[in-house]
Amino acid sequence: MSITSDLIRGNTEMIILAHLIRQDSYGYQINKTISERTGSRFELKEATLYSAFRRLEEAGYLIFYWGDEATGARRRYYRITPQGRAAYSQYLEDWRQAKTLIDSIIAQTEGDHDHGTEN
Amino acid sequence: MTMERRIDDHIRELLMHAPRTRGVVELHEELLAGCLDKYQDLIQSGMPPEDAYETVIAGIGDVDELVRQVVHLDTASPFTRQRSQERRAAFTTVGIMLALLSLAVFFMFRAVWLPEVGIGGMLLVLTVAVGCLVYGNLSTQTGNVAATLLPPKEHGQAQALRKAISSTLWSFTTIIYLLFSFLTHRWDYSWIIFLIASAVESGISLYFSPPQNRGRHWQGLMWTATTALYFAVSFMTHRWDMTWVLFLITAALTQAARLYGLWRNV
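Which chain is which? The protein sequence lines are B and G, in order.
Taken in order, the first sequence gives residues 1 to 119; the numbers are from our numbering.
Taken in order, the second sequence gives residues 120 to 385; the numbers are from our numbering.
No lab work stands behind these hints: they were computed from the structure.
Note that the structure is predicted; figures quoted are calculated from it, not measured.
Built from N, CA and C at the ideal position, the CB exists for glycine as well.
Check the hints yourself; a few may be wrong.
Output of the computed footprint for chain B on chain G, the stretches with three or more beta carbons under 8 Å from beta carbons of chain B [what the hints assert, rightly or not]:
#1 146 to 152
#2 181 to 190
If we take Cβ atoms under 7 Å as the criterion, some of the chain G residues that face chain B in the derived model are [said to hold, decoys possible]:
#3 156
#4 161
#5 305
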């Protein structure tokens, strides 16, 4: 699980952008989606999530606006910018390339391994 | 204490050592909103309140790096700061130019034997000048780095009120000074009104200051009031040989107050 966690954490920015490309959202909603999609096995720490928001904001990939919640604290909503969309395409491309590369490296190693056991 | 309040207190504690910049205040609100949403969800799913509280708190993670990041973003926005400073400079320049122009208006009308129109025109131009100075000063504060450090929340509104009172005080002082001087021609001592205004300003600062700064503001008030009193009494009585004693009295009073403060803290 810790390798999976590291992988997810390492791609927090891409996960956030993937969520925001569909609709504007806020921290808790994004985290809840991650939790639901991973069958409650994974959830980002708030600090990790908000830190990623700030990095994306600084890069110009997101803008934020405050919600108008009448009670309790206001939510900070995020909206993806055109630069954010372009960055997301690039992230996705990188991810697919890395995945294919790792898959092919593993397949090769597995093959060697299988070959080795036969001997 | 409600669980919501406990969550808020916990976040407050986490951010206790962070400077109160705009970004940190916003982060507090964002963290709180997220934690409260999560808490409500957990409660609705049937989790006991204490467990829900623990889960929410455990889910926050280490905020130290995040706080450093937020503070860095707050102070590193040279573009906004520069624009804000340029705006402020423009308003100040226009304000000062108008203030000087107001004198020209007065002298122009006096030259054509219309001094009353001159005074009216001068006051009008002067009011616009003061407006420019005050507006430039107030409207550009958010872009200023020093201003990104917010006062504690409960003092925020009080500070805004103090600034508003202070600007009004100085505008009125200028108007009263000019009116009084032109009507009485006592330019030799009408300027004392500025000393009085300064003492009033110190009093206002004292009223609005947090307890730890009270001592400094008290001293400011004592000395400005003494100076105003000294000149006023001297001009009225012409006893310049005696009136300087007022400063000695103030010095003695300040020392006595300091001793009293020390004695109370022992």
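Here's how the hints hold up against the structure:
Note: the stretch 146 to 152 of chain G has 6 residues with beta-carbon separation from chain B under 8 Å; the three-residue rule is met and the coverage holds. Counting residues of the stretch 181 to 190 of chain G whose beta-carbon sits less than 8 Å from any beta-carbon of chain B gives 6, enough to reach three: the coverage restraint holds. Interface restraint check for residue 156/G: the shortest CB-CB distance to chain B comes to about 4 Å, inside 7 Å, so the restraint holds. Because the beta carbon of residue 161/G sits about 11 Å from the nearest beta carbon in chain B, more than 7 Å, this interface hint is broken.
Annotation: residue 305/G was flagged as interfacial toward chain B, and the flag is violated, the nearest CB pair being 55 Å apart, outside 7 Å.
The structure is inconsistent with the numbered hints 4 and 5, although it conforms to all the rest.
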